[in-house]
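Could you build all of it, start to finish, from the sequences and the hints given here?
Chain residues, written in single-letter form:
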Amino acid sequence: MDATETLASRRTALKYGLGTAATLVLVGSGLLASAERAAADVVNAQLFALNGERVMIDGLVVPVLGFGSAPDRVEIPGGRLEVETGDTVNLTLTNGTGRQIGLTVPGIPGVPGTPVPPGASRTISFTAPDRPGTFVYIGTIDGSADTGRALGAAGALVVRARGAAGSIEANFPGALARARRQPLFGTQAAAIPTEIVQERTWLFAELNPATARDLAGGRVALPSDPEPEYFLINGVSGMLAVEDPATFLEGRAGGLGRPGDATLVRMIDTGRAPRSVHFHGNHFWVLSHPDAPWLVGAFKDTVRIPPGTVVDVLFPMETPPDSMPVVERAQKYVVHDHIEMAETASGGHYAGGMVSESVFD
Amino acid sequence: MSGGLVPIDQNRPADLTQAVHFGHNRPEESPETPGKVRPDATFVRKVFNDKLEFSDGGDVEYWAFKDPDDDKPFPSTPIRARQGQVIHTTIETAINVHTIHHHGIEPSTFNDGVPDSSFTVGSRYTYQWRASRAGTFFYHCHRNAPLHVQMGMFGYLILDPPSGPGTLYVGGPQYDVEALWAAYDIDPTWRDYNHASGEKNAIADRTRLNRFRPRYFTINGVDARRSRNNPKTTVRARVGQRVLLRHLTGAYFVNVVRFPAALAPVVHMSDGEPLPAPTPLPGNRLETTTAERYDLILTPTAAGTHTVTYEFRHWLTGALAGTATAHVIVT
Ligand SMILES: [Cu+2]
Ligand SMILES: [Cu+2]
Numbered sequence: 001m002d003a004t005e006t007l008a009s010r011r012t013a014l015k016y017g018l019g020t021a022a023t024l025v026l027v028g029s030g031l032l033a034s035a036e037r038a039a040a041d042v043v044n045a046q047l048f049a050l051n052g053e054r055v056m057i058d059g060l061v062v063p064v065l066g067f068g069s070a071p072d073r074v075e076i077p078g079g080r081l082e083v084e085t086g087d088t089v090n091l092t093l094t095n096g097t098g099r100q101i102g103l104t105v106p107g108i109p110g111v112p113g114t115p116v117p118p119g120a121s122r123t124i125s126f127t128a129p130d131r132p133g134t135f136v137y138i139g140t141i142d143g144s145a146d147t148g149r150a151l152g153a154a155g156a157l158v159v160r161a162r163g164a165a166g167s168i169e170a171n172f173p174g175a176l177a178r179a180r181r182q183p184l185f186g187t188q189a190a191a192i193p194t195e196i197v198q199e200r201t202w203l204f205a206e207l208n209p210a211t212a213r214d215l216a217g218g219r220v221a222l223p224s225d226p227e228p229e230y231f232l233i234n235g236v237s238g239m240l241a242v243e244d245p246a247t248f249l250e251g252r253a254g255g256l257g258r259p260g261d262a263t264l265v266r267m268i269d270t271g272r273a274p275r276s277v278h279f280h281g282n283h284f285w286v287l288s289h290p291d292a293p294w295l296v297g298a299f300k301d302t303v304r305i306p307p308g309t310v311v312d313v314l315f316p317m318e319t320p321p322d323s324m325p326v327v328e329r330a331q332k333y334v335v336h337d338h339i340e341m342a343e344t345a346s347g348g349h350y351a352g353g354m355v356s357e358s359v360f361d
Numbered sequence: 001m002s003g004g005l006v007p008i009d010q011n012r013p014a015d016l017t018q019a020v021h022f023g024h025n026r027p028e029e030s031p032e033t034p035g036k037v038r039p040d041a042t043f044v045r046k047v048f049n050d051k052l053e054f055s056d057g058g059d060v061e062y063w064a065f066k067d068p069d070d071d072k073p074f075p076s077t078p079i080r081a082r083q084g085q086v087i088h089t090t091i092e093t094a095i096n097v098h099t100i101h102h103h104g105i106e107p108s109t110f111n112d113g114v115p116d117s118s119f120t121v122g123s124r125y126t127y128q129w130r131a132s133r134a135g136t137f138f139y140h141c142h143r144n145a146p147l148h149v150q151m152g153m154f155g156y157l158i159l160d161p162p163s164g165p166g167t168l169y170v171g172g173p174q175y176d177v178e179a180l181w182a183a184y185d186i187d188p189t190w191r192d193y194n195h196a197s198g199e200k201n202a203i204a205d206r207t208r209l210n211r212f213r214p215r216y217f218t219i220n221g222v223d224a225r226r227s228r229n230n231p232k233t234t235v236r237a238r239v240g241q242r243v244l245l246r247h248l249t250g251a252y253f254v255n256v257v258r259f260p261a262a263l264a265p266v267v268h269m270s271d272g273e274p275l276p277a278p279t280p281l282p283g284n285r286l287e288t289t290t291a292e293r294y295d296l297i298l299t300p301t302a303a304g305t306h307t308v309t310y311e312f313r314h315w316l317t318g319a320l321a322g323t324a325t326a327h328v329i330v331t
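Line by line, the protein sequences are chains A and B. Numbered by full-length UniProt numbering, the letters in the first sequence go through residues 1 to 361 in order. Numbered by full-length UniProt numbering, the letters in the second sequence go through residues 1 to 331 in order.
Source of the hints: derived by calculation from the structure; they are not laboratory data. Note that the Cβ used here is the ideal one computed from N, Cα and C, for glycine as well. A hint or two may mislead.
[Unchecked claim] With the Cβ distance kept under 7 angstroms, some of the chain B side facing chain A (calculated, not the full set):
hint, residue
1, Gly104
2, Asp112
3, Asp116
4, Gln128
5, Asn144
6, Gly166
7, Tyr169
8, Val170
9, Arg211
10, Leu275
11, Leu316
12, Gly322
Structure, rendered in structure tokens:
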């Protein structure tokens, strides 16, 4: 299956409301492949805590400790676990490392955090919240979630409104009613998307190789310094993130002031720094914000994501409104963290960091 | 296991892979503008460099853009036009290679000024776009952006509604007085880099564009001790007048902006679009990161000098690194 087919299938699946884990298992989609819907309101999944290595964009090999959906392959980040509101989630965590591994999901109470000893396996059950939203599961390593985040033990947990994957209102109640924009050119009424056509999840992470080696070697406390050297979206950076089908946006452009394949982007920051994510080509609607709820419904081009939190946005994929002559298709734009240090790799190389693209077909 | 830090450069390949070179195989060009039409407004922006001086006697080099008739401004000479106009911005890059990205403006890819998806400008190019929105934007160089933006290659871009200045956007509020206050923090050690540092081989170059450790904290290049009565950081109004503050976060550290209650700040727009509703700023405190803009209307309720305080917080630790100030003098 090539990337185009993958995206098309994914788009179709969401459009027709089939957005459950079972129908969306696609190569390279970033989904947790071990997840399966066992009943109408039960999702079972397996997570394998594993040591491994990851090659950074410049060829540097760094140690990681993360989760895999199978016992033989660590995934950075861990696969995206998609559930519906109120689901019972049974996560079987098998610890293939020599450390104590637990699980924490900030914002979802009742997730048992008791660590699983090396070599052991335990099923962690919890109830997905009644309120849909974007969450992150983080592996605690010897009791430290900071260590888990620094080594890559994190993945997205997406809670969708039951049976209504494509509905903005069901998934982000009240956001659409607040959404606002000015008329184009001061005169021309412009539309606001009414449904989610496709989705991306971006998990932002920072990596310092020296810190990673220390942490992987058993040091628990994170140093306050030095600065990270790699800035990852979904485990990759620079051109690799630009070319990663699970990360870059691609869709049919709408018209002037008319949405095309409106794309929900769930942005999770697991780093120590905030992100200031800037999309070129289109503004986006803020659908959720952790500490500035007054921004929900704003149509922004750059948004602050506080560390350890989530911001959800909707990118309309409309004709770039300031183009002259007006361009309808075959455009591509970068999207990047505007806190410029995070656009680097190897401790300084631009643009090897948190950057991807949106492609207007 | 000891806590000693392992030298970070071990274990690296001698040459970076091709993958790391995203964005730097683009030709330097000075092409014709595709589909060029007669503009409603034209701007020329020449690259120049100069020095910023601070109250401690120190100074730093900066690079910026200016109108050919302007002296040596900081920030760059603003671009101001009207919603609906077709705009030509011509960059004259002088001796080096740069671009102009109109941040928040959404033109064709070719006119977006991003080297990674189009080209860098060798000597001259005219960017063409049409202003769909009114509001507060900015423009900046997008070549080796961490360095070039930090060096000062940015300026305000203000789009008034068709009726002109005095109204924020069509159907939006009116204002009497206007302030353009851009927060900007400065790491003097970055002045040792050259234009291309970090583009080819950051390790061999010893380039550390991930290591930003600012020493000066400014509004429009003015530090706190020099801010009072400085026209770049002071605005004058009468009680009850509406002062529009067009805030730009040009800083790389996180800004926490604190307003005195007597200014009664209300946020009307962000990034060139109206908020869902005008919002009295919660706690009179605005937290903002690089490249965001907020348009606030301040309506001073009392005479006196009201000082707005800009905290610059470390991007990784959140620790307070420095402050800058700007003032509303109310009579
Ligand atoms: Cu430049
Ligand atoms: Cu920008």
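Consistency of the hints with the structure:
For B:Gly104, the interface hint holds, the least distance from its beta-carbon to any beta-carbon of chain A being 5 angstroms, beneath 7 angstroms. Nearest Cβ of chain A to the Cβ of B:Asp112: about 6 angstroms, under the 7 angstroms cut. The hint holds. Look at B:Asp116: its Cβ gets to within about 6 angstroms of chain A, closer than 7 angstroms, so that hint holds up. Below 7 angstroms, beta-carbon pairs count as interface contacts, and B:Gln128 has one with chain A at about 5 angstroms; its hint therefore holds.
A cut of 7 angstroms between beta carbons decides the hint on B:Asn144: the least distance to chain A is about 5 angstroms, and the hint holds. Checking B:Gly166 against chain A by beta carbon gives a least distance of about 15 angstroms; that is not within 7 angstroms, so the hint is violated. The interface hint given for B:Tyr169 holds, since its Cβ lies 5 angstroms from the closest Cβ of chain A, which is under the 7 angstroms cut-off. The restraint placing B:Val170 at the interface with chain A holds, with a minimum CB-CB distance near 4 angstroms, inside the 7 angstroms limit.
Interface restraint check: B:Arg211 against chain A, minimum CB-CB distance 5 angstroms, threshold 7 angstroms, status holds. Hint status for B:Leu275: holds, given a least beta-carbon distance of 5 angstroms to chain A, under 7 angstroms. Evaluation of the B:Leu316 hint against chain A yields a held restraint, the C-beta minimum of about 5 angstroms falling below 7 angstroms. Because the beta carbon of B:Gly322 sits about 17 angstroms from the nearest beta carbon in chain A, more than 7 angstroms, this interface hint is broken.
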